[in-house]
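Peer 1: Build out the structure end to end from the sequences listed, making use of the hints.
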Amino acid sequence: MTQTAESNIAMVTNSDRDTAGQEFLAFTLGSEEYGIDILKVQEIRGYEAVTRIANSPDFIKGVVNLRGIIVPIVDMRIKFNLGEPTYDQFTVVIILNIAGRVVGMVVDSVSDVITLLQEQVKPAPEMGGALNTDYLIGLGTLDQRMLILVDIDKLMSSAEMGLIENIAA
Amino acid sequence: MDFVTHGAATELDKGLIERIVDPLTHLVRNSIDHGVETPEMRIAAGKAEFGTLTLSAGHHGGNIVIEVSDDGGGLNREKILTKAKQQGLAVSDAMPDADVWQLIFAPGFSTAEIVTDVSGRGVGMDVVKRNITAMGDVIDIRSGKGVGTTISISLPLTLAILDGMSVKVGEEIYILPLGYVVESLQPKSIDVKEISGQGRVVKVREEYLPLLPLYQIFGIEPCFSNPSEGIVVILESDGKKAALFVDELVGQQQVVVKNLVSNYRKVAGISGATILGDGGVSLIVDVAALLRSSRQLNDESIYS
Chain S
1 MTQTAESNIA MVTNSDRDTA GQEFLAFTLG SEEYGIDILK VQEIRGYEAV
51 TRIANSPDFI KGVVNLRGII VPIVDMRIKF NLGEPTYDQF TVVIILNIAG
101 RVVGMVVDSV SDVITLLQEQ VKPAPEMGGA LNTDYLIGLG TLDQRMLILV
151 DIDKLMSSAE MGLIENIAA
Chain W
1 MDFVTHGAAT ELDKGLIERI VDPLTHLVRN SIDHGVETPE MRIAAGKAEF
51 GTLTLSAGHH GGNIVIEVSD DGGGLNREKI LTKAKQQGLA VSDAMPDADV
101 WQLIFAPGFS TAEIVTDVSG RGVGMDVVKR NITAMGDVID IRSGKGVGTT
151 ISISLPLTLA ILDGMSVKVG EEIYILPLGY VVESLQPKSI DVKEISGQGR
201 VVKVREEYLP LLPLYQIFGI EPCFSNPSEG IVVILESDGK KAALFVDELV
251 GQQQVVVKNL VSNYRKVAGI SGATILGDGG VSLIVDVAAL LRSSRQLNDE
301 SIYS
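Protein chains in written order, with our numbering: chain S, 1 to 169; chain W, 1 to 304.
Hints listed in this document are in silico derivations from the structure and should not be mistaken for laboratory results.
Worth double-checking, as some hints may not be accurate.
Below, a list of computed lysine-lysine pairs in the DSS-like style, where the Cα atoms sit at most 27 angstroms apart [unchecked claim]:
1. S:K40 <-> W:K83
2. W:K47 <-> W:K79
3. W:K79 <-> W:K129
4. W:K266 <-> W:K240
5. W:K14 <-> W:K83
6. S:K154 <-> W:K266
Quantities reported herein were computed from a predicted structural model and do not represent experimental measurements.
Peer 2: Here is the structure:
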């Protein structure tokens, strides 16, 4: 009897996981709403003064001291030409942890964490947007909102971002 | 047996020292026990009766390099290969020397004919290599038959402590490793000369040194663009001197070197970063690289 009860519980948790979907952190860039896998996010901070790195692309704002480690800060608004890159007390930096590397990403605002079921994620249509479709997981729909779901792993490690040194280079 | 040390002033983080001391002791013991030949053999080979063991440390292009070097018989390629074959390791006679030398790091590998009370069990080098690579360091062997063996360990400048001089250009503060700094002065405008198409030189003690304006190299908006208003810092590396032009000197301090590469990438002209007293980040200038490319300063591609 006990045995059956246990396996029942196991079944419930299993099916929960199947239907629970994935959690995404929603943020905005300009007028667009984006979502990234919450598990890649280490923390969210305000924007603080950065140390500029000479001769780096303009979307790499520089480096900051994050509790003793040196973290590069990338401004997505500059990178994707979205919105006005202003820096005030409302500017938000999402600290990401991607494959053991820590990177900060400046966005306009962070709204909430949403859970999307598999069926709420539609494949992204092929179009000439700011983001290459290769870096998209798809489009998430929740009520009236539409989120552009970004494969942040792939985007941050891409040669385009130039954050990680190419082994060949 | 003579023992010579170089670069005794090179400083390392305490934790790093604790981890490096055992492998290093082993390497020194190895050199004495296997590397240097007996006095009779040395005299027969036309060398001084006493062997020399050199232990050196120094900064080298963003790394700290520690070398254990002896003037003994060198590694025996044939012996290592024969032994490797006996042990069933994948080897071929055509292997390059560097690959053959790496074989001595294999577990249980020893070519010593006799096991002495200090070494010959073939355990040591395996452990040395494992300890060193666990720290993210690179170990490299150079050996010449009859000339000796040099084992160099290259530690990334992550945990190192550096005596630095902080300089200011515009609003930015950079750290210059003090070891490269010879002197700093404010040149008279008459001592700064233009060389057409090749930048400027500054005359210091009857010597003309190339002027490297830091603001130009790093694209900073400077306070002064005339060297006679700012300060030039005379730097020397590998016997080459240059005058680095900055706005002002801020001070001298010990800094803990942090790696930029762990979360970002290598940046030309920068060897690392450090955290200042106010929590801000300051970049450490790769002086050796700047001096190396000082002649091609006009070639912007180096820095971009």
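Peer 1: Hint by hint, note whether the structure agrees.
Peer 2: Hints and how they fare:
Taking the CA atoms of K40 (chain S) and K83 (chain W), the gap is about 49 angstroms. The hint is violated against a cut of 27 angstroms. For the proposed pair K47 (chain W) and K79 (chain W), the alpha carbon gap of about 23 angstroms is at most 27 angstroms, so the pair holds. For the hint linking K79 (chain W) to K129 (chain W), the alpha-carbon distance of about 21 angstroms falls within 27 angstroms, and the restraint holds. Distance hint between K266 (chain W) and K240 (chain W) is fulfilled; the C-alpha atoms sit about 24 angstroms from each other, no more than 27 angstroms.
Among the hinted pairs, K14 (chain W) with K83 (chain W) is inconsistent with the structure: their alpha-carbon atoms are about 38 angstroms apart, more than 27 angstroms. At most 27 angstroms may separate the alpha-carbon atoms for a hinted pair to count; K154 (chain S) and K266 (chain W) meet this at roughly 20 angstroms.
Of the numbered hints listed earlier, those contradicted by the structure are 1 and 5.
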